[in-house]
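Based on the provided sequences and hints, a complete structural model is requested.
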Amino acid sequence: MKWKLDDSRPIWPQLKEQLIIAIVAGEYKMGGAFPTVRELAESAGVNRNTMQRALSELEHDGFVITNRTVGRVVTTDEGLVAKMKESIAKQTIEKFIREMEAIGYSEDDVVKMIKKRGEEDK
Amino acid sequence: MKTGTLIECFDVSKAFGSKLALNRVNLSVGRGKVIGLLGPNGSGKTTFIKLINGLIRPTKGEILIDGRKPGVYTKLIISYLPDRPYFADWMTVKDVLSMFSEFYQDFDRNKAENMCAAMNIQPEDRIKTMSKGTREKVQLVLVMSRKAQLYLLDEPIAGVDPAARDYILTTIINNYNEDGTVIISTHLISDIERILDEVIFIKDGKMVRHESVDEIKEKEGKSIDDVFKDTFRMEPFMGVNRNDR
Amino acid sequence: MTGRLIKYEIRSSIKLMAVIWAALIAASLLFSVSSNLLRRTFEGASQGANTLVSIVGTITGFMYISIFIALVAATVIIVILRFYKGLLGDEGYLMHTLPVKPWQLITSKGLVAAGVVLLSIIVAMVSLAILAGLSSLSVIPDIFSGIAKAWKEDPRYILIIVEVLVIMVLSLLKSIYQVYASLAIGQLAGKHRILLSLAAYIGLSTAVTVFFIILGMIAGSFDMVDLLSSWDGSAGNMFGLSQFVIAVMFGLTAIQLVAFHIITERILSLKLNLQ
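Chains as they are written, first to last, in the numbering used here: chain E, 1 to 122; chain V, 123 to 367; chain H, 368 to 642.
Among the hints, erroneous ones may be present.
As the list claims (entries may be wrong) - Simulated crosslink set (DSSO-like; lysine-lysine; CA at most 27 Å straight-line):
1. V/141 x H/638
2. H/558 x V/254
3. V/254 x V/216
I should point out that these hints are in silico values taken from the structure, not numbers from a laboratory.
Put into structure tokens, the structure is as follows:
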């Protein structure tokens, strides 16, 4: 997967966020195998301690489960993933609206613009 | 897995003649960490590394590695990459591999051979005929093929191109013994800050900061590179102000 | 571990030396052939052929002498350089971080250096024997028959020969260690390392001389000379005298050897100054 890391913030929360997005987006299939710490650390160019911390957090939040026989797998809890998906969507919309407000559009204006864009596309 | 502090320095000073290269350093370093030893050129990084690996002795103070003073035992558990080529020029890759496997029980010869093969380096290649970059990579491969308690890497990425730099950093983070600690000295912070757990800032022979990277970023909201630049900022000479005349 | 160090030390000295040893033997063979065989073959031949033979003889002779000088120089240089480059230069970063003690590094270098010098001496003697021609080979049975004769006459002669050989090797090692101690002192200097090494060598030699003079004065005050001259000349006593002299020489050489080793070891342990 592609990583986008910002050096002015601690690295592990960013790893966690991006892994969650990958799970929500279905990049890692529910119930499917999850890459090892080593593989993930290598692809992100971080050390294994840092990646381990992100994974521990993911495990703590229930997104991945360490199974004694098959290793680490993605959760099968659809409700958890759906809830997270919704929460990410909400956050993205919030952020978008705040940016639009910053340049002088009201929320109504924004809704209208989005509708109009949808009609033009048809 | 061993526990306890890996490196302890008690009031360590090192003088060369009248010049104080390290000034009353107190330091405690744990296990299983990747640590950046960061400071400008001439700040005492190499002196510190040489003291830890026993190449030189402190003028004052005491150093303990895994509870022992630098000596044969500590040399067994430290894997050291100096900032210069250190193989005799008559040697071939095979010779240096044999040498490492004879002197270090923790050396994984297979691993080193595979890594050399991956770089297209033949066992019969002579160190003397290699390019500077290849020679540095061979040294790194040897050093990282040991399952050491402590890796001391002195300026591993100084003066290399970006591709070689990526190779070096990847080799380091993929191969170190996770129970051991890696200390990387450098003045090129932005290139390595993502792989660090902790940083030690060294300035004019003094350890001015030793903190976890996450703590620094949370506290200051800046990259280590920026924090480093703030810490070591030098005031450039701006010319004489007209009003002062 | 010392054994492993010696193995690597041999490998790093042997390549260059083997070439020179082989070259010297080859040159001595060539010179020998041109000066003996060719001359004999062309005896009574034309003036031109004779001139040619003498030119070839001169060239091969010159070659032999050059290589002989090269051998002497290479032996001295390798003794110095293997220590200087190997322990005080960049290679020192590897050698001094191996899990071995400094005395093991010094001993491995010293023993191999002594071996190189001994081999150079043997090769030089062999080359001289070749020059002297086949007739000189008769020296070897002569030596053995001499030894056998001495053994028959008094086995203790053999003991003396062995003792003298041991002292020669010991004093060779001592000379090498003096060079090491000088180089170790020299590296203490930041810049003028070679100059300080030279000064240290002269200084150490002077110190040894002064030590001997003082020892001589002490011996004199104990009437040692009188004691020695009172020894009567009978065979048994002559043997006793020889053993006494050998013991003294052995002791004096060993003291220097140990002193130079300690100086070197202490400096490398405490004051290593790799550039």
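Status of the hints after comparison with the structure:
For the hint linking residue 141 of chain V to residue 638 of chain H, the alpha-carbon distance of about 16 Å falls within 27 Å, and the restraint holds. Pair hint residue 558 of chain H plus residue 254 of chain V holds up; C-alpha atoms about 26 Å apart against a cutoff of 27 Å. A threshold of 27 Å between alpha carbons decides the hint, and for residue 254 of chain V with residue 216 of chain V the separation of about 18 Å falls inside it, so the pair holds.
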